[in-house]
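Student: If you want the building blocks of each chain, they are given just below.
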Amino acid sequence: MDLPVWQALFQEMKEQGFLPIAVAFDSAGVSAAKPWIDAANPTYPCLIDQKHLVAELYDMVNVPTAVWIDEQERIVRPSEPAGVTDAFRTMDRTNFSMPPDALGELMAKRQSYQDGLRDWVTNGAKSKFALSPAEVIRRMHTPSDDHVRAAANFRLGEYLAERGEAKSAQQYFAEAKRLRPESWNYKRQAWALEDPLKAGGPEFWASVDALGAGKYYPPIEDL
Amino acid sequence: MASNQLTVIYGERASALKSAEIRGEQLWIDTDEISAISGWVKKPEGFCKGNICVPVPTGRETQFVAGRRANLAALAQLLGQPIVKDDEHRVWSIGESATERKRALTSLEAPDFELPDVNGRMHRRSEYRGKKVLLASWASW
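Protein chains in written order, with this note's numbering: chain A, 1 to 223; chain B, 1001 to 1141.
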């Protein structure tokens, strides 16, 4: 979990105007997210997004993803994996250990992401990691009719699940997943509502394996 | 849920409506309630929100408006919004149009939102204007 990482960066750069805002995509709400937040004890805003509204607004299809927003509230980096790689796919699934080279690659990616953040906080618009508007738009997914229909289905499923209609909810989650197969948020949240362990269970690994050479976290070109 | 009650999920909110009447695929609601849940106000020139007005297509007026009621399903369709409904629980989910989402995203203005922290205190993203914000997602699952 990245909450302690954001806390360390916040301590380091808050005088320079840096502020992390963490958003938990948890349909189960505070009860699901609170233990992690308590453990990290963050002093920056740590918000609970039961309906995955921020995912929809900022087009986030996985966690952890992040968006960089400047002082004028302009997006300077669109939704992208926040310093993570596909290294977890090389994990030994019985003891969760990772081969050293995969672990090294993950640590290097984390480091370069944090260094990029530091560069942006120090240099602002002059930072090479603050992208031009054209580049931000190029990197965005264009919302399609399927995307917005998937979101409407997910919202309906989430509403029913919250009211104890778990079985009825699943058909709308299924439709959301069908319409937006690239959204791991839809898949894993729906599994987690069935059974908290399912989001990291055999179904999850089978879906990850089905990616084959495809990426779970698309690599970022410049960070 | 009362048998005549109907829930509409629109934007961030789910609203229980008393005036709603389902006729097939159409959803007739008092125009006051439509304004309250969607922000679209029925005016002589059409349906208006802020300074945008969408005229009712000529010749199809009766599909949109009848007395003090209007057809929210027809309006959603006109605006390109997806509709997903659950008949058993009488819940309609009306999403956002892809065109509007695209316009909002490519404006590069960070969308605003309001969410609670674990203590229930609400935070708006726009409260933090003037900061360099890392908006980072995570999940317990």
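Just so you know, these hints were derived from the structure itself, not from any lab.
Be aware that a few hints might be false.
Going by beta-carbon spacing under 8 Å, a handful of chain A positions derived as facing chain B [as the list claims (entries may be wrong)]:
| # | residue |
| --- | --- |
| 1 | 2 |
| 2 | 4 |
| 3 | 7 |
| 4 | 19 |
| 5 | 20 |
| 6 | 54 |
| 7 | 82 |
| 8 | 172 |
With beta-carbon atoms standing in for the labels, derived distance ranges [what the hints assert, rightly or not]:
| # | chain 1 | residue 1 | chain 2 | residue 2 | range |
| --- | --- | --- | --- | --- | --- |
| 9 | A | 201 | B | 1032 | 43 to 53 Å |
| 10 | A | 123 | B | 1088 | 51 to 61 Å |
| 11 | A | 181 | B | 1061 | 36 to 46 Å |
| 12 | B | 1106 | A | 201 | 35 to 45 Å |
| 13 | B | 1114 | A | 163 | 44 to 54 Å |
| 14 | A | 35 | B | 1059 | 56 to 66 Å |
| 15 | A | 17 | B | 1106 | 37 to 47 Å |
| 16 | A | 125 | B | 1088 | 51 to 61 Å |
Every residue gets a Cβ at the ideal spot worked out from N, C-alpha and C, and that includes glycine.
Student: Hints first: check each against the structure and report whether it holds.
Tutor: A quick look at each hint next to the structure:
With a least beta-carbon distance of about 6 Å to chain B, the hint placing residue 2 of chain A at the interface is held under the 8 Å criterion. Interface restraint check: residue 4 of chain A against chain B, minimum CB-CB distance 11 Å, threshold 8 Å, status violated. For residue 7 of chain A, the suggested interface contact is broken, since its CB lies about 11 Å from the closest CB of chain B, more than 8 Å. Checking residue 19 of chain A against chain B: minimum C-beta separation of about 4 Å stays under 8 Å; hint holds.
Contact between residue 20 of chain A and chain B, as hinted, is supported at the beta carbon level, the nearest pair being about 5 Å apart and thus within 8 Å. Interface hint status for residue 54 of chain A: upheld, as the beta-carbon distance to the closest one in chain B is roughly 6 Å, under 8 Å. Interface restraint check for residue 82 of chain A: the shortest CB-CB distance to chain B comes to about 6 Å, inside 8 Å, so the restraint holds. Nearest Cβ of chain B to the Cβ of residue 172 of chain A: about 7 Å, under the 8 Å cut. The hint holds.
In this structure, residue 201 of chain A and residue 1032 of chain B meet the distance hint of 43 to 53 Å, their C-beta atoms being roughly 48 Å apart. Between residue 123 of chain A and residue 1088 of chain B the CB atoms are about 56 Å apart, so this pair conforms to the stated range of 51 to 61 Å. About 41 Å separates the C-beta atoms of residue 181 of chain A and residue 1061 of chain B, a value consistent with the hinted range of 36 to 46 Å. Range check, residue 1106 of chain B to residue 201 of chain A: Cβ separation about 38 Å, and the 35 to 45 Å hint holds.
For the pair residue 1114 of chain B and residue 163 of chain A, the beta carbons lie near 22 Å from each other, so the given range of 44 to 54 Å is not met. With their beta carbons about 59 Å apart, residue 35 of chain A and residue 1059 of chain B fall inside the hinted range of 56 to 66 Å. Checked against the hint of 37 to 47 Å, the pair residue 17 of chain A and residue 1106 of chain B fails, with Cβ atoms roughly 26 Å apart. Checked against the given bound of 51 to 61 Å, the beta carbons of residue 125 of chain A and residue 1088 of chain B, roughly 53 Å apart, stay inside it.
Hints 2, 3, 13 and 15 from the list above are not met by this structure, while the remaining hints are.
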